[in-house]
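Colleague: Residue-level listing of the chains:
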Amino acid sequence: MDWFPLLNSLRIAAISTVIVFFLGIFSAYYLARLPRFIKGILDVILTLSLVLPPTVVGYLLLRVISPKRPLGIFLNDFFGIRLTMTWCASIIATAIVIFPLMYRTARGAFESFDETLASAGKTLGKSNTYIFWRIRMPYCRQGILAGTILAFARALGEYGATSMVSGYTPGKTATVSTTVYQLWRLNDDALAFKWVLVNVAISAAVLLAMNYFEKRSMRSGGSLK
Amino acid sequence: MSLSVHIQKKLGSFETHVDFETASDPLGLLGASGSGKSVTLNCIAGIMKPDFGRIELNGRVLFDSEKHINLPPQKRNIGYLFQEYALFPNMTVLENIQAGVRAGTRRQKREAALEALERFHLQDVQNQYPGTLSGGQKQRTALARIMVGNPELLLLDEPFSALDSYLKWQLLWEMSEYLKPFSGDVLFVSHDRDELSKLCSSVCILDHGKSEAVQAFQEFLLHPVTLAGAKLAGYRNISEGTVHNGVFHSDSWGISVPCTDPQAKAICLSNDHLHSLRNGDTDIAIECSVICRLAEGDKDVILLHPKHGAQDAILCMNVSKETFFANNQLSVYFTPADAIILTSVSKTGE
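Quick mapping for you: the protein sequence lines, in order, are chains L and E.
Residue numbering for the first sequence follows the numbering used here, starting at 1 and increasing by one per position.
Residue numbering for the second sequence follows the numbering used here, starting at 1 and increasing by one per position.
Accuracy of the hints is not assured; some may be wrong.
Here are the computed distance ranges between Cβ atoms for each label pair [what the hints assert, rightly or not]: (1) L:L42 to E:H68: 25 to 33 Å; (2) L:L31 to E:E115: 56 to 64 Å; (3) E:R236 to L:L31: 13 to 21 Å; (4) E:D51 to L:Y59: 45 to 53 Å; (5) L:L7 to E:A162: 53 to 61 Å; (6) E:K198 to L:L23: 50 to 58 Å.
Here are the simulated PhoX-like pairs of lysine-lysine, each with C-alpha atoms no more than 25 Å apart in a straight line [to be verified]: (7) E:K49 to L:K39; (8) L:K68 to L:K172; (9) L:K39 to E:K265; (10) L:K172 to L:K194; (11) E:K180 to E:K231; (12) E:K168 to E:K231.
With the C-beta cut set under 8 Å, the calculated list includes, among others, these residues of chain L facing chain E [as the list claims (entries may be wrong)]: (13) L50; (14) A120; (15) Y139.
If you're looking for bench data, these hints aren't it; they were derived computationally from the structure.
For glycine and all other residues, C-beta sits at the position ideal for the given N, C-alpha and C.
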C-alpha cells in the first residue's frame with residue numbers, strides 16, 4: 001500500500017492550519033476594532049467559505065490562479081510557476097475552506113476576554129504586543145486551541161475544493177479523500193475500504209485529542225480564575 | 001505633588017464634566033453608582049480619551065485637547081488599582097509583580113519583584129496563581145504590582161465594594177498601612193463615605209457626571225453643600241422646598257424655616273438634631289405619627305411621618321434605648337440653626 005496520500009493529506013492539513021491559525025487570529029483581533037458597519041460586511045465575506053459548497057470555492061479559486069487568468073499568467077511568465085494541479089494549490093484551497101472555523105472560534109474567544117486586563121497591562125507600561133501575546137492569548141487559549149484542532153480536522157477531510165484545483169495525480173496531488181473516490185471509481189473495493197479505515201482512525205484520533213485538551217484546559221481554567 | 005483634572009466626556013446621552021485639583025493629601029471621589037466615577041478614572045489613566053479639557057500631573061501635561069496632547073497610558077506613570085484587581089490569571093504572584101516593573105534588565109526586574117514580594121508579605125504565595133489567593137493576598141499582589149513601577153499617582157477604583165464588612169475593614173486597614181510610605185498622589189473612588197473617611201482627608205462629590213467643589217472630609221460630613229452631597233454624607237432627613245421672603249417652605253415636612261439664602265433648594269437635619277422635647281423658643285415643631293422603631297447599634301431609630309407633610313415623607317430620629325413614648329403621636333423639635341441649607345447644584349458645577 002502506497003502511503004503517499006496520507007502523507008500528502010497530513011502536510012496539506014498541517015501547513016494550511018498554520019497559515020489559518022495566524023490569519024484567523026489576526027483577522028478576529030483587528031476586525032473587533034472596526035466600526036460596526038464595516039465589521040458586518042467583512043464578517044460575511046470572511047465567513048462565506050464556511051457555507052459555500054467546496055466546489056464553488058474551488059471554482060472561484062480556479063478563476064484566480066488558472067494559467068489562463070491574469071494572476072496565473074503573471075506567475076507563469078515571471079516566475080515560471082503553475083499553481084493548478086499541484087499540492088500547493090490544495091494548501092490554498094484548504095486554507096480558504098477552513099479559515100472561517102478558526103476566525104469564528106478566535107472571535108468568540110476574544111469576545112469573552114476581560115478588557116480590564118488589557119487596561120491593567122497598559123497602565124503598567126506594557127506594550128500592545130506584550131498584552132496580546134502574554135495576556136490576551138493565554139486567557140483565550142482554550143477557544144483558540146479548539147478552533148485550531150477543528151480547522152485541522154476539517155482540513156484533513158477536505159475534498160471538493162482540493163480536487164478541483166489539484167485533481168488526482170498519484171504520487172503528486174493524491175490525498176486520502178481523493179484516493180478513496182478514485183479507488184471506488186476503479187472498483188478496487190478492498191483498497192478503498194482500507195483507506196476509509198485509515199481516514200476514520202485519523203478523524204477519531206483528532207476528535208479524541210480535542211476532547212482531551214478541552215478537559216485539561218477546563219481543569220486548569222478552573223484553578224486560574 | 002499635584003493633579004489637576006478639567007475634562008468633559010460624552011458617552012451616549014451621559015455627559016461627564018469634571019473639574020478638580022488635588023493638594024498633597026489623598027482625595028476621595030464620592031458618587032453614587034453611575035455618577036461618572038469610572039469614566040473619570042479611565043480618562044486620567046488614559047484608557048479613555050476625553051472630548052475636551054486638560055489633565056496635568058506634577059506639571060506634566062497628560063492630555064490637552066487644544067494642543068492635541070494625549071499620552072498613552074503606558075507613558076502616564078499612573079498606578080491603577082482595579083475593582084477586582086485585574087491580576088493576570090495566567091501568571092503567578094511573582095510574575096504578576098514582575099510585570100509591573102518598568103525599567104531594567106531581566107535580572108534587575110526580578111530583583112525588584114522579589115524585593116516587593118517581601119515588602120508586601122507575599123513570599124509564601126509567590127508561585128501561586130491569582131485564582132487560589134485570598135482577598136487580602138490579591139489586594140497586596142495588585143498593590144505590589146503597581147508600586148514596583150514607582151507611579152506618581154495612584155488610582156483606587158472601589159477596591160472594597162464587593163467585600164463583606166469584616167474583610168472590608170481588614171483590607172482598609174491593610175491598605176492604609178501599605179500606602180503610608182507612598183509619596184505620590186492618591187485618588188480614591190467610592191460610593192461609600194465610610195471607606196473614604198479612613199483613607200482620605202478631602203473629598204470631591206460627583207453627581208450625575210458633574211463634579212462639585214473639593215471639601216475637607218470632616219467639613220463635608222458636618223456641612224454638606226449640595227443635595228447630592230447630603231445624601232452621600234448619609235443624611236436621611238432631607239426636604240426639598242422653596243424660599244420666599246426669607247422663609248424656606250418645606251412641602252414634604254409641612255413646615256416653614258427662616259432662611260437667609262435665596263439659593264436654598266433643600267434643607268437637611270441629622271438624626272441627632274431632632275428632639276422629642278422643645279429646647280428653645282425658636283425651635284420648630286413637626287407633628288408626627290410614629291411608623292416604627294428600629295434598633296441601630298447602641299441606639300434606636302424612630303421612623304416618623306409628618307402629619308401635615310407629603311404622603312411618602314419620613315423622618316428619622318435617634319433616641320436612646322431607655323426612652324419610651326406612650327402613644328404613637330409625637331411632636332418632634334429642631335433648632336433652626338441646626339438645619340443645613342442645601343443648594344442643589346454646586347458653584348463649580350454650574
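Colleague: Next, verify each hint and record whether it holds.
Modeller: Right, here's what the structure says about each hint:
no. : hint                        : result
1   : L:L42 to E:H68: 25 to 33 Å  : 30 Å, holds
2   : L:L31 to E:E115: 56 to 64 Å : 43 Å, violated
3   : E:R236 to L:L31: 13 to 21 Å : 52 Å, violated
4   : E:D51 to L:Y59: 45 to 53 Å  : 51 Å, holds
5   : L:L7 to E:A162: 53 to 61 Å  : 56 Å, holds
6   : E:K198 to L:L23: 50 to 58 Å : 53 Å, holds
7   : E:K49 to L:K39              : 23 Å, holds
8   : L:K68 to L:K172             : 22 Å, holds
9   : L:K39 to E:K265             : 50 Å, violated
10  : L:K172 to L:K194            : 20 Å, holds
11  : E:K180 to E:K231            : 30 Å, violated
12  : E:K168 to E:K231            : 22 Å, holds
13  : L50                         : 30 Å, violated
14  : A120                        : 4 Å, holds
15  : Y139                        : 6 Å, holds
Consistency with the previously given hints fails for numbers 2, 3, 9, 11, 13, ordered from lowest to highest.
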